[in-house]
Structures are given as C-alpha cells and as structure tokens.
Amino acid sequence: MEKMVNIFLFGKKYEVPENLTIMTAMEYAGYQLVRGCGCRNGFCGACATIYRIKGDKELKACLACQTKVEENMYIATLPFFPLVKQVYDIETVPVNETVMMQLYPEIYSCIGCNACTKSCTQELNVMQYIAYAQRGDFEKCAEESFDCVMCGVCSSRCPAGISHPQVAMLARRINGKYLAPGCGHLEDRVREIKNGDFNELIEALMQKPIEEMKELYNTREIEK
Amino acid sequence: MYSEKFQKSLAAVEAARENNIALEPQRMTAQQKEELLATFHPDYKKDEFAVLKIGANKGDKVPTELAEMLQAHSRISADSVDLSNPDYETDVLIIGGGGAGASAAIEANEAGADVMIVTKLRIGDANTMMAEGGIQAADKPNDSPAIHFVDAFGGGHFAAKKELLSKLVCDAPEAIQWLSNLGVEFDKDEDGTMVTTHGGGTSRKRMHAAKDYSGAEIMRTLRDEVLNRQIPVVDFTAAIELILDENGNAAGAVLMNMETKELLVAKAKTVIIATGGAGRMHYQGFPTSNHYGATADGLVLGYRVGAKLLYAETLQYHPTGVAYPEQIFGALVTEKVRSLGAKLVNVNGEVFMHPLETRDVAAASIIRECSERATGVDTGDGQGVWLDTPMIEKIGGEGTIMKRIPAMWRMFDKYGIDIRKEPILVYPTLHYQNGGLDITADCMTTNVENLFVAGEAVGGIHGKNRLMGNSLLDIIVFGRSAGINAAAKAKTVNVGELTLKHIEKFENEIAEAGIATDKISPKLLPDYTNKR
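Protein chains in written order, with our numbering: chain A, 1 to 224; chain B, 1001 to 1532.
Where hints are given, some of them may not hold.
To be verified - Using C-beta positions, here's what the derived DEER-type ranges look like:
hint	chain 1	residue 1	chain 2	residue 2	range
1	B	Asn1447	A	Asn6	52 to 60 Å
2	B	Gly1382	A	Asn6	26 to 34 Å
3	B	Arg1027	A	Pro181	33 to 41 Å
4	A	Ser109	B	Asp1082	48 to 56 Å
5	B	Lys1008	A	Ser109	54 to 62 Å
6	A	Arg35	B	Ile1076	21 to 29 Å
7	A	Glu2	B	Lys1394	33 to 41 Å
8	B	Thr1440	A	Gln128	48 to 56 Å
9	A	Pro181	B	Thr1440	36 to 44 Å
10	A	Gln128	B	Lys1008	40 to 48 Å
Note that these hints are calculated values from the structure, not bench results. Glycine is no exception: its CB is placed at the ideal position from the N, C-alpha and C atoms.
All chains, please: the whole structure from these sequences, using the hints.
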C-alpha cells in the first residue's frame, strides 16, 4: 500500500499518493488540465505554482511538473501572469543600456528586496541579472538568466512591477545577435551553398542507386 | 542518492568506470543492426499495428492507437457550424504554435501576407521547447551538405524522400544563420567558431547547441519575434476540422476554444498544418518525452480531407528516457549526454554497445539488455540501464556538466541524484513521429491544394528513423519554407464557397467499411484524470 498525503488544491482537501508531482496529483484528484500544463518536463514554464506548507510562514514557488507533493501542502497554480512584453525591432534596437531605459524603465525602480531571486523556480539569481541589465551588461545578463523558463513567478513577487523574464529575453537576443562573436565558417558555408558549390555532389547522390548509397553509408569515415 | 537495492550494481559501474572510459566499443555491422531492430524495436511488433480501412492510405498499417483516431468520427457535423460568417479571415492560417508554426509565421509576415497562428495551448507549448541536444548543420570545413545527406539518408534506412532531405541539408547552414541573426545564442568559442559535437549516426561533429536548452532557446526567440511582429496568436484554441472550398482546396479551419468549447470559423487562402507529434498517444503503452499536446491532431485533420500519410508506421523511441525516479519517468535525457562521452552500461557494469549508434539501434539494444539478456537494472517500476554520466566530468574535466548540460543536472538534482557523481537509469521513451503528411519540396501536401505542412507533422524528410538534431533543423527549414510558399500561393488564390462536405463523405466511408467506433478525433489532449 503506497503512502498517501493530504494536499489542498485551491483550499480543497484531497488525499493523494506521496510520490506524485503536484501536476500528477491534480490529475489523480480528477482535474483534466488545460491551463497550467505544457511540456511536463520543466522547460516551458506553463505550470508555475505557489504553495505553503501548513504552519510555515514562507510562501514557496515551483513548477508543478517538477515538484513532489508534501503533507499539508496548500497549492494554488499560476497558469498565467500578466508580464509586460514590449514590442521592438531587433534590427534597430540600440545595443546599450538606453534600450532598457526606453523599453523597461521600471527595472531602475528595483528596491533590492530580492523577492524575485527567492521565488525563482529555476534557482536563478534574478535580481543579479536585472542589475546587469540596468548597467547594459547584456552578456552577463544573458548568461545569468539563460536557464529562465519564463514562468513569471519572479514578476508576481516584485514590488516594482518588473517583468524580469522579458527583460532577460531582450538581453539574450541582443547578446546573441550583436555581442557574441561572428562565425566565419558559417558565413563561408552559406556563401558556398548559395554559390551552388555543392549542387553537383548532391545531385550525384540523389541519382545513386540504393545499393551504392548503402555501400557509401556503411563504409563512410567517421570523425573521431 | 540511490537506495540500497541499487548499490551492488552501482558499485560494479563505478569499479569498471576507468576501463569503460578507455574502451572504444565496436560499432555494429549493417546486418547486426538489422537483426537487432527486427527482434527488439517496437516498430517491428506486428500485433501493435492496424490496417487502415478507409482514406488515402487504405491498406497501410499504422499504430493501433493512431488508426483509431484516423478512422474516428468528427467532433462536429457540418450543420453545426455556420461558414457564411467567418470569425477570422486571413491569407495564411497556421495551425500550431511550435517552432515550425512560429518560423512559418515570421516568414509569411516578412513576405507581406496576413498571417495568424491558432494553437490549442500557448505559443511555445511544443516539442521544440523540449529539444535539448541541438541542431545539425554542415558548416565546418571538414563537413559538407553531401556528407550530412549520407548520414541522414543511411540513418533513416534509405527511405527519406530525397528532394526533402536535400533541402534539409542544403538549407541547414542558412537556418543557423537566420536563428543567429534573430539572436539565438549558440555555444561558440571565443573566436566565434561553433562548438559542435557528434550525435548518434553522424560522421562529422555538426551538432550546434545552446547548452542543453537548444530548443527552448530557439523557441523563446521565435516566440519573441512573432510577438514583436504583432502576428495574431489565438491561443487555447484548437483546430478541430479543416474547411475546404467548393473546389476541394484547403480554405480554413473550424476552431474550438479549449476552455469555453465555443466553435469559431477561420477562413484562409492557404493553411499550414504545424501541429507537431504524437507522443501523448502513448503507442504500445510507452511513456513519452513529448509535450502535453502531442496527439497527432494534424495527421487526423489532414487525413479526413483526403491528404496522404507517409511512413506513419514508424516512430522514434528515444533510447534514453528517464527510467528512475518515477516522477520524471519517460522524460528525455538528451543524446548530448552520450555526445559528451557518457556510455551505456548494464547491471554488471559492462558497456554493451557503442554509445553513438542511431536512436532506433540504441533503443533496441537497451530493450535487448532488459529482456532477452536479463542484464537490465530493476527500478521497482520496470527496467533500465545505466547511463554513466560521471564519465563526462572525467573526460571533459570538472565543470563540463554544469557548462554543457545544466538542465539535465537540474532535473535529477531535484530528486537527490547528482549526475556529476552518480550515473542515471534510462529506458526508451516515445519521442518522435518519423512519419506524417506527404508533401512536395514546396511543403504543400501531394493531394490537397493550398494545404501546407511543416515540422513533425510531415512525413518523409527523415525516412524511417531520424538523427538527433535533424528535427530542430527541419522545423526551421520547412517552417520557413512553408511560410514563404504559403504566402506566395495566397496571392494567387481565390477562395470559393466554404464547405464541410468532407465530414459526411468520411462518415459514409466509415459506415461502408463497417468500422464500429465511438471514438471522436482529433484527440487534442490525453486523459490522465483519476489515474496513477
């Protein structure tokens, strides 16, 4: 007999096996999820959830698909949070801190409470990456925020109304497009293909009988 | 931390680690691979397939669960929908908000078309988001699109449609460049050289990655760009039936609000199916690495209006799904773990195969260890084999795991397993739909005019097995192409009167074939309620 625990979904009590995640526990209880369920593997941020263990002062946040239920867990899902996503043209954005001042000026109202970092479901140093964004250090902001799944829990806890995941998204795109070193071998290859340098080779392969293709495949040299 | 029952096997794995790292296992011969697949690969289990009795692929076999959906009733009858007053009118209607749909939307918008996306969950709730390992492109000096072609053609058992595959490999470098220009952060050296690795079945190191969030990094960037372009995204709205015009050409879709169940009509000059895969159909009872909405909807929508399927009988079982702990059972352990040097090891600490065989061969090989050879590890819920992740730190140096596969570390750390120090248990998981709708190189279906397809819903790009890193590639290459071609085609289209006559026609075929079914399709979401 598996061990059961009591959980409270939106305040209502259910008894569920203790080895379930919050998400599978909701399904076990009978919920057919539409909201608050995406990849079920911790990548998409659809299942942001806040909870409190009865008696604890601390309010915790997690991804429902990645977190086991506990006895006396009070659970409320946060399937949508109104983040502010500013529209911009990646081709013409200024590549310095003025872009942040224009699009996300509220980051300069950060009061340093660190509630974002404490609530991050990915254990990122959110307040630190916002500090990098304030300074226009997009490379560091990109690095520090890279594992963000944009669940929005940080923003739900922010007294300054910052949409941290969107700030980081902008920083990463600027970093990827403008600050990361260019790639010579990629540019060369694109040019060669446009130039038709491989057309004959490919055409010859397309014409080869299957038996010859098998021979070619089975004896091909494999880079160590 | 593993419990007591795993300790004996763990000790064997640890004791053999130094020797196993040094070992270069033999690759299997073509004949050994064929025998292995025929005996142990799930695609070869005859009683798990059904023969289609109606439709464009009448007489073909497909997984039993898919046959049920392809030969099921529509969710609606023609007279329950008023087509005369569409709720949406657009040039290009894109069904699906994953990587293929988003790429198509960006390109169609760039081409000046009116375009909209409908998606039954949110934009980005897609297998693209979950692709960890990387994206292939032959952009290094020792590589070429021709070598990429040979690798993929052979890996797919010489069954790929050559014109689709040549497009895939030839457009690959430009796809990487396009993503870079959108701001996708690929792993690079300081001089800008791409950090590339092997995947199973590659003969050159051409796997580009963004740590082990490759798909997530691509998807969130594409989504941001779709939103910047202010392309309408109608979320939590599923397409449940295609609409044809009086000439039999695709001309829109009936939509259903997933929450209120309200029906809506979208009229379009061209339609792109970008609905993704089918892992949540749980073929043969396998767990899946796929996202919640992967239920083969696009195949059902297309099939009902007469579109043809190609290779729908071939599925990809990713060799390394999580076998333990049960909370993440079936989740993906990226192939990159093996690219970085971790080997597969059985209960006795023995390396039983080369870690970089193609996925079908690797999956069959693991199933053989866990069945015929009885050298699997009992997890309590089933069987698995070890994937010896600490090898990565020994080969690449301390810190390699946190730098290259942080998501994998995080996933197991939540359950008290530090993959830097302890190996993990894996077993094949349903991962990818190799087959799908049959298209020509312009992404239009072979027999329904103005109906385009991109991404995992396409059949024939990869043949009967897909190499790691060619799926992220195909959603970009064919997504972009579908967007460009659907936008161009839309300029020439005059939509005739809309009809849903195909529903009745299909119902008649069901009746005439004597199919007794109470199933309705598309499935839209799996039902996990009240279950363990």
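Hints, one by one, checked against the model:
Between B:Asn1447 and A:Asn6 the beta carbon distance is about 56 Å. The supplied range of 52 to 60 Å therefore holds. Range check, B:Gly1382 to A:Asn6: Cβ separation about 29 Å, and the 26 to 34 Å hint holds. Remark: the range hint 33 to 41 Å for B:Arg1027 to A:Pro181 is upheld by a beta-carbon distance near 36 Å. The hinted window of 48 to 56 Å between A:Ser109 and B:Asp1082 holds, with their beta carbons roughly 50 Å apart.
For the hinted restraint 54 to 62 Å between B:Lys1008 and A:Ser109, the CB-CB distance of approximately 58 Å keeps it satisfied. Between A:Arg35 and B:Ile1076 the beta carbon distance is about 23 Å. The supplied range of 21 to 29 Å therefore holds. Remark: the range hint 33 to 41 Å for A:Glu2 to B:Lys1394 is upheld by a beta-carbon distance near 38 Å. About 51 Å separates the C-beta atoms of B:Thr1440 and A:Gln128, a value consistent with the hinted range of 48 to 56 Å.
For A:Pro181 paired with B:Thr1440, a C-beta distance near 39 Å keeps the hint of 36 to 44 Å intact. Between A:Gln128 and B:Lys1008 the C-beta distance comes to about 44 Å, which sits within the given range of 40 to 48 Å.
Hint check: no violations occur; every hint is consistent with the structure.
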